[in-house]
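Protein sequence lines correspond, in order, to chains E, A, G and U.
Using this note's numbering, the letters of the first sequence correspond one by one to residues 41 to 319.
Using this note's numbering, the letters of the second sequence correspond one by one to residues 41 to 319.
Using this note's numbering, the letters of the third sequence correspond one by one to residues 4 to 564.
Using this note's numbering, the letters of the fourth sequence correspond one by one to residues 4 to 564.
These are calculated hints, taken from the structure and not from any lab test.
One should not assume that every hint holds.
What the hints assert, rightly or not - Derived SDA-like pairs: lysine to any residue, alpha-carbon spacing no greater than 25 Å straight-line:
| id | chain 1 | residue 1 | chain 2 | residue 2 |
| --- | --- | --- | --- | --- |
| 1 | E | Lys238 | E | Asp64 |
| 2 | G | Lys98 | G | Arg86 |
| 3 | G | Lys385 | G | Asp364 |
| 4 | G | Lys436 | U | Asp560 |
| 5 | A | Lys63 | U | Gln408 |
| 6 | G | Lys539 | U | Ser535 |
| 7 | U | Lys436 | U | Phe498 |
| 8 | G | Lys361 | E | Leu306 |
| 9 | E | Lys170 | U | Ser224 |
| 10 | E | Lys312 | G | Asn181 |
| 11 | E | Lys170 | A | Thr259 |
| 12 | G | Lys509 | U | Arg529 |
| 13 | G | Lys385 | E | Asp64 |
| 14 | A | Lys238 | A | Arg251 |
| 15 | G | Lys501 | G | Lys539 |
| 16 | A | Lys312 | U | Ser224 |
| 17 | E | Lys312 | A | Asn179 |
| 18 | A | Lys238 | G | Glu150 |
| 19 | U | Lys406 | A | Asp72 |
| 20 | G | Lys385 | E | Glu46 |
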Amino acid sequence: MFETYETAWCPGCGNFAILAALKDALTQLNLDPSEVVISSGIGQAAKTPHYINVNTFNGLHGRAVPPATAIKLSNKNLTVIAESGDGDTYGEGGNHFIHGIRRNVNIAHFIHDNQIYGLTKGQASPTTEKGQRTSLQFNGVIAEPVRPLFLALTMGAGFVARGFAGDREQLTELMKAAINYNGYAMIDILQPCVSFNKVNTFQWYKERVYRLPDDYDATDFSNALKTAMEWGDRIPTGIIYNVPRDTYIEQVDFLKDGPALVDRTLDPMDAKQLLEDFV
Amino acid sequence: MFETYETAWCPGCGNFAILAALKDALTQLNLDPSEVVISSGIGQAAKTPHYINVNTFNGLHGRAVPPATAIKLSNKNLTVIAESGDGDTYGEGGNHFIHGIRRNVNIAHFIHDNQIYGLTKGQASPTTEKGQRTSLQFNGVIAEPVRPLFLALTMGAGFVARGFAGDREQLTELMKAAINYNGYAMIDILQPCVSFNKVNTFQWYKERVYRLPDDYDATDFSNALKTAMEWGDRIPTGIIYNVPRDTYIEQVDFLKDGPALVDRTLDPMDAKQLLEDFV
Amino acid sequence: MEHNILVGGAAGQGMDTVATILEKTLKRSGFYVFSNKDYMSRVRGGHNFTQIRFSTTPIYSHSSKLDVIIALDSQTIQLHENRLVSGGKIICDEKVSPSTDNIIALPLAKIAADIGNPRVINTVATGALLKLFGIPMLQAERLLSSEFSGAVLDANIQALHKGYDTVNTIYELDSPGNDDNIFINGNQAIALGAIAAGCRYYCGYPMTPSTSLMTYMAQKSNQMGIVVEQVEDEIAAINMALGASYAGVRAMTGSSGGGFALMVEGVSLAGITETPIVIAEIQRPGPATGFPTRTEQSDLRFIIHAGHGEFPKMVIAVRNPEDAFYQTARAFNIAEKYQIPVILVSDQYLADYAQTIKPFDFSRISIDRYLDDGGSIVEKEKYKRYKLTDSGISPRLIPGSVKGQVIYVDSDEHDEYGHITESAEIRANMVNKRLKKEELLRQELIEPELLGKDNPEILIVSWGSLHGPLKETIGKLVNEGISIGALVFGDIWPFPTKRLTALASKAKLIVDLEQNATAQLDGLIRQEALISCDKKLLKYDGRIWSPEEIYDRLKGDVLNV
Amino acid sequence: MEHNILVGGAAGQGMDTVATILEKTLKRSGFYVFSNKDYMSRVRGGHNFTQIRFSTTPIYSHSSKLDVIIALDSQTIQLHENRLVSGGKIICDEKVSPSTDNIIALPLAKIAADIGNPRVINTVATGALLKLFGIPMLQAERLLSSEFSGAVLDANIQALHKGYDTVNTIYELDSPGNDDNIFINGNQAIALGAIAAGCRYYCGYPMTPSTSLMTYMAQKSNQMGIVVEQVEDEIAAINMALGASYAGVRAMTGSSGGGFALMVEGVSLAGITETPIVIAEIQRPGPATGFPTRTEQSDLRFIIHAGHGEFPKMVIAVRNPEDAFYQTARAFNIAEKYQIPVILVSDQYLADYAQTIKPFDFSRISIDRYLDDGGSIVEKEKYKRYKLTDSGISPRLIPGSVKGQVIYVDSDEHDEYGHITESAEIRANMVNKRLKKEELLRQELIEPELLGKDNPEILIVSWGSLHGPLKETIGKLVNEGISIGALVFGDIWPFPTKRLTALASKAKLIVDLEQNATAQLDGLIRQEALISCDKKLLKYDGRIWSPEEIYDRLKGDVLNV
Ligand SMILES: Cc1ncc(C[n+]2csc(CCOP(=O)(O)OP(=O)(O)O)c2C)c(N)n1
Ligand SMILES: Cc1ncc(C[n+]2csc(CCOP(=O)(O)OP(=O)(O)O)c2C)c(N)n1
Ligand code: SF4
Ligand code: SF4
Ligand SMILES: [Mg+2]
Ligand SMILES: [Mg+2]
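Here chain E stands alone, though its shape is the one from the complex (with noise of 0.2 Å):
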C-alpha cells in the first residue's frame, strides 16, 4: 500500500533499512496512507517520502519541522512525521529543532543521521566526529559534535530514542512508539553512508550498537542523560527516555476540543462582532 517510485540511494545505503521499517510501521499501525503526512527538509534522508506513498510535504533544507508542527494544529487526524537528516535537523534546522522540542506537538521526528552531508557529498555534519577527515575538512573537524539525544532531553522532549538501521525489526517498534506516543518524539536513527562515511561504517556501528535491556527504565530522566551521553565503545539503542507531558494542544482549549481547525466553517460574518473593538 505504501509503495511507489524507485530509490536514488547508493546500493547500500542505510535508508533502505530505515525505509522498509517505515513502511512496516505505518502498515502495522493500519494506517492509510491518505492519513499520513511527512514533513522532509532536503537531503538524503528527505528523499524518504517520494519513496512511499503518504502525504509529503517535501520543504526546504533544514526546515521539516516548522511545516510538520503546522500541519498538525492544523488537522489533529492526521498522523504527522517529519523525516530530516543529520545536516539537515541539527545543521541548518538547529534552531527549529530546539524549538520544536519546546512546542510539543504531537509529531514523530525520525532522523536518518549518517555523520555526514550526503547529498552534497561527503561535508562534515554536527554530529561527525572531532577530527575525522572529510571532503572539506582537510585536516579533521575541528569542532565538538552534537550529541543529539542528550540534547533532545535537555531540551524538554518525553520521547528519545535511539535506532539503528541495521536493526530493522527494533526500528520498526521503535517508529510505532514514536507515532503513537502523545507528544514530539525523536529518534536519532544511526545510517550507514556507503558513499562518503568510511569512518562509522555498516561494521562499526554494529561492533558498538547494543539494545537497551529490558529492565531499562525510561522514565528516569538522569538515568536518561547517563544513556544519552553513552557513545564510543558501546551505543545504546532503544527507547531512552519516555515520559508523558501536555502536548500544544491540549493546553489550547479551542483546539482539544471539536473538529480539527481544517474541519471548521468558514464564514465572514463570525468576524463582524469584532468591531465592537473598534467604536
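Based on these hints, arrange chains A, G and U with the ligands on the given structure of chain E.
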C-alpha cells in the same frame, strides 16, 4: 575611560548594573578600549556597547555570535565579547548559540536574561516561564522554557556561569573570569525588566538566588548538570562549570603560530604558485 | 471645521492614555478623527507624540499644523511650538513652563497630588483639553469607567472634572453627525480582514511596526479559534504558515523588512510548491535595523523580486485602513485561486494611524477556497498535484480529504504527481505552467485609484499609504483650479499599466512622489510601462509626508508658483 | 580542427576519472580543451555525462555535436546517439551493446577482469579513446602515476595499454601548439581570484553548485593561511564574513540562490554598516530547491534588489574563467573602496566547465585596501566611522589599529560616530551619504563586451556565462556576413548604459538572449535605459544554450532564413 553616551533604558532596569559591572571588569583587567570589541545583536541588552567606549559591531537581532567568532579568528589580539538578550540568543539566534559553543573560539558571551522581549514590549522569550501571561501570550506561555546553562553544558561549553544584575560585585568577578577563560565562556545574567516582566522582578530573583559555595567543584560535569538544572525556589549563581578545552585557534596551526590574521602582509604574487594545480 | 491636537512627552509618561481617551471621546461624539503616532525605539524617556486631528467632514491624513499641544514635558514645547497656528495653545503643567500668550500653564501635578494619585495628572490635562473645545465629559467618563475601577476610577473621574474646571472654552465646534463609524488603524484592519477571510493560522516573530497585527490576532485567538504562534524566528514563521496552508487552513505571517528578508527562501518555496500564503510586510526605514519605529516605503523592489528563481506572486500595497481590510480579504482569495504567495505591503505610518471610517461591510467578503474535493480525479487515477492544465492552475486537494489519495508537494522541480524529476521537458512545462498563472492574474488586477482631476495635466504617481496625504493635497489643489491628479497604486505587482498609460499620454508633467530615496515606483514604471517620470519628490527621513509638505513642494518645485 | 567527446554513465561508475585523464592528456598535449558537466542530484545511479571538446584553436564553449561517445552504460547510447556526427563512434563494453557501424564494442570488462582489477575498466576505455585519436599514452601514464601507486598503478597502466591496443586510429589530428595554458573551471577561477586578492576568511554552507568554490579554498587553507569555516547555516556565513571584514580581514562567502536567500538580511547589514564583503552567488534553477545540479540565470533581479532598505551594492556577472579571476580580484578592491557588498554572479554551467586559457597574470592584480591609519583623525578628536564627506566615503579604521580609538559600526541608523540616532536630519544625511557612493561607483563601471560586428544591425543582449556560447555563435554568423553583434554584460548593477544606448540606436533589431524564463535582463534594460528588446530567446529547462541551438534559433526565429 569606558564612559560614553546617555542610556535609553528605563529607570530601574537591570541593564544598568550589568553595564556597570562590565565597565568595572574591563577596567580591572587593565584593558585599553581599542583592544576590546563587543559584538551585539538587537534588543535592550544589545544596546549595551553604545554606552561603553569600546569597539563595537552592533549587528542584527540574533546574530551576535557569528561576528564575534570571526572577529576573534581575524584578530586574536583583541578581547572579544558578545552581548545579547535572551530572545536574541536563545530565540532568533538559537542556532548560532549552539554551534558557536561547538567551535569554542575564545570569546566571552554575556546574555542579559530578563526572561522577556524588552525592546518589542513584552512578548515571551524562550526563557519565559510556562504559563506566564505576556503582552502577546494572553493565555500564558505554552512551551517549556529553555534552560540556558543546561543547554550550554549539553553543547560542550567549558565555561558556564550565571550572574545576577543585583549582585554587581560577583558579576564583575564572573565577567573577568569569562574574559580570561581560554575559549567560549558564557554567563547567563538574571536581569529584571521593570517594564514588562512583572513576575521575575528584582525581588523575585533576590529571594531565590544564592552564590555557589566556595568549595563548589566547577570541574565536575555531572555536578554541573545538576546545578544547571536547579531553578525555582533556589537559583545558584557563580561559575557552574569551568574546565579547559582546546580552542579553535589552538587547533589550527597557521592561526596559532605567527601574527594575527589581520596583521599578515598580502601579496597577489603569493598565490601564483597555485597555478600549478591547473597545468 | 477641523482641529489638530498634539500630545507629546517622554515614553512612559502616559501619553497613550491621554491620546486614547481624546480620540475615542471625539469619535464617539460624532467627529471624524485621524490619529497618528511618532515614537522612538525605547520604552522610557526620549520623545514621543500622537497627533489627533478631528473634523466634521471626513479626513484622510494627519496635518502638520497644530491648534493645541498638550505638553507632558518641556521638550514637547521646544520641538513642536513652531507648528502652532496663530492663536494656538499649549497646555502644560505650571512647572514645565510659565503661562504666556499661547501657553496655558496649569497646576496639573498639584491637582493630581491633591486628589491623592499623582498618576492621574494626564487625566487632568485631558479634562482641560475637553473644556477648551467645549466637549462634554460624558464619553470620557464612560471610557475611564471601562478602563478603571474602584479608587483609581474615582481619582480619574475627579481629575477629569478638576481639569475641566481649570480653563474656559475657546473653540467653538460645529456640531458633529451621529457616531456610526469605526476607529481603526492599518494593522488592525489587516488583522480584521484576515479573520473575516477565514485566516485561522497566524505565526510570526515580534517586529516593530508589524507586532500589533500579531497582537490583535492573538487577542482574538480564543474567541475566533485562531492558532497564533510566536515562533523562534521568521524562517520558522513562513515555513509553518506554509505547512498550515498545505494542510488546508488559511494561513498568514507578517513582519517588517528585516524579518521578511529571512522569509524570502520560503516565498520561493511557496512559489514552486504552489502553496497559497498571505504575508504582511509592514515597512520601516532600512537598511538592516534602520529606524525601527519610523516610516518608509523602501522595500518595494525587494519585495517584488523576493525569492530566488522565477514564479508568480502578487504584491498589494494597502492604502488606508478601509483598503487594508478589503484587500487583505481579497489577498486570501487570490492566494488560493492561483496558489501563489500574496504579499501585503504597508508601513509604520499606516500601521499605527487610526481613522474613523464606515464600518466594514462583512457581507462584501466572500471566502473562495478553490479547493477540489477529488472530483477532478479521473477514476482510479492517482491524484496529480501539479496536473498540467490550460490555465496553469491544478486542482488542489487537501491531505486527508479524499480517502486513498495522497498529496505530494515538492520544493524540487517535479512532475505532475509532485515527484522529483531531472527531465528538461518536464522542467520547461512546469515553468510554463507556473508562469501562465501570472497571465490570468494580470486580468484581474485593480488599476490604481485616481485622486483629483480626470485627465490631469499634472499627474502624480504614488503608492500605498501616501493615499491619505495625497487625497488631502490633491483635493486642495483641484479646488484652486489646478489640473492635477494622483494615481495611487494598490495592486502593484504584477503591475497594472492601463490607466497609467492612458493618463500619462495626456499629462504634461508626471511627478513621482514616494517615501523613499531611490524612487522605486519610478523604476518600476520605467520597466513595466516604459514611461519616465519628469520629476521625483522623495522623502526618506523616517517622517511621513504631510499634506502641507506635499502642497508646498508641489507649489514650489513643480508648479513654480 | 575540433573534436567532441562525451563520456556518460551512471553516477558512481567512475566517469569522472575517465574525463579527468582525457581532459588533462589533451590539454598537456597542447590542445585547447573545453569540458562541461551534466549531472543529477544523486550520488549513485541515474545518468551523468561530461562533454570534452578539443581543438588546435581557442574554444569558448561546449558543442552539441559529438564525434565520439564513451558509454559506460546503455542509457548513454540511447540518450546521446542522435547527437553523433555522421561517422561518429561510440565506445562501449561488449555487454552494453554489440558492435555496429558506429558502435565499437570492446571487451572492456573482460580486459579489466584479466588484469585482476575490475575497477580499471574505465582506464581501458581511456586507452582505446586515445588510440582512436592517435594520442600518445605518455601524459595519461603520468597522470595515472600521480594518482595511483603500487599494484593499483600497475593495473591502471596495463589497462591503458591494453585498451590502446583494442582499436585503430581513425582520426588524424592537427599538431597542437605548446602547452602553456592552464585548465580551470569557473569556481576555481573565482577562488583563485579571491586568494590572489588577499581573501583570508571564507565561510559558507555546502550548496551545489557553489560547493567546489569553498572546497578549493579549504584545500589551500593551510598553504595560504585562509580561515575556511563551514558554518551552521547561511545566516551565520554572511554575519561571520562581515565580522571578519570589520576586523580588517578580506572576507567572502558564497552559495547558490536558496542559500543566498538566507543572506539577504546580512546584505542589508553590510549596506548600513558600510562593511565591505564579497559574495559569490552561483545560480541554479529555482524556485526553492529547484534543479540542484543544473543551470539557469534566474536570480538576477532578486540579487540586484536583495536586502530591505536602500543602499548601494555592486553586482558583477562573471562571464568565463578568465573574467571570473580578474573580476573577483577587482570585486575585493571595489568592496573596500566603497565599503559596500559586491556580489559575483555565476551559474552551474560556468562553475563546472573547465577551459584552457592563458595563465593568469598575477602582476595585474593589486590589493587596494583603502584603509585609514588614523591619519584622518583630527588631533584629539574621536574617530567618526561615518564621517560625512563629499564622496560619501568615510575613512575606515580597523579595530585595534589606532591606540585609544574605537570603531562603532551599527545596524541602526546612526550618527557620524556610529551611535544610534532618532534624528530626521541625520537620517537624511546618512541616506544621502550612502547613496552618493553609488554615483562614484557608476563612474568606474566596465561597459559590456561587444562580440562580433562593431555597429551591428542585429544586436543581441545577454550576460554572464552565455559569453562563451555567444562568442562561438556570433563568430560564425559574422563569418557568414551577417551584421550581428552581442553585448554581454559583466558589470550589471549599477547598470552601465552607455555602450548599449549607443549601439541600440543604430541596431535594427535587438534580441534578448538569456537562460531564464522571464527575460530578466530585458526588464533591467527597460528600467535603466528605456530600451525595449524586439525579441526574446529564453531557455529554462536547466540545460545551457549551446552555440548550435543559438545559431539555429537566430537563423530560424530572428533572421528568418
Ligand atoms: C538553504 C540550503 N542550503 C544548502 C543546501 C544544500 N544541501 C542540500 S542537502 C544538504 C546536506 C545534506 O546532509 P544531511 O542533512 O545530513 O542529509 P543526508 O544527505 O546526509 O541524508 C545540503 C547542505 C540547500 N538545499 N539549501
Ligand atoms: C530579524 C528581526 N526580527 C525581529 C526584530 C525585532 N526585535 C528587536 S529586539 C527583539 C527582541 C528583544 O528581546 P531580547 O533579545 O530578549 O532583548 P531585550 O530587549 O529583552 O534586552 C525583537 C524581536 C529584529 N530587529 N530583527
Ligand atoms: S551518499 Fe550516503 S546517504 Fe546518500 S544515498 Fe549514498 S550512501 Fe546513502
Ligand atoms: S523594557 Fe525592560 S529591559 Fe528594556 S530598558 Fe526597560 S526595564 Fe530594561
Ligand atoms: Mg547526513
Ligand atoms: Mg530579553
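To see whether the hints hold, each was checked on the structure:
no., hint, in the structure
1, Lys238/E x Asp64/E, "violated, 29 Å"
2, Lys98/G x Arg86/G, "holds, 22 Å"
3, Lys385/G x Asp364/G, "violated, 42 Å"
4, Lys436/G x Asp560/U, "holds, 23 Å"
5, Lys63/A x Gln408/U, "holds, 17 Å"
6, Lys539/G x Ser535/U, "holds, 23 Å"
7, Lys436/U x Phe498/U, "holds, 20 Å"
8, Lys361/G x Leu306/E, "holds, 24 Å"
9, Lys170/E x Ser224/U, "holds, 18 Å"
10, Lys312/E x Asn181/G, "holds, 20 Å"
11, Lys170/E x Thr259/A, "holds, 22 Å"
12, Lys509/G x Arg529/U, "holds, 22 Å"
13, Lys385/G x Asp64/E, "holds, 22 Å"
14, Lys238/A x Arg251/A, "holds, 24 Å"
15, Lys501/G x Lys539/G, "holds, 21 Å"
16, Lys312/A x Ser224/U, "holds, 15 Å"
17, Lys312/E x Asn179/A, "holds, 23 Å"
18, Lys238/A x Glu150/G, "holds, 20 Å"
19, Lys406/U x Asp72/A, "holds, 8 Å"
20, Lys385/G x Glu46/E, "holds, 17 Å"
Checked against the numbered hints given earlier, the structure breaks hints 1, 3 and satisfies all the rest.
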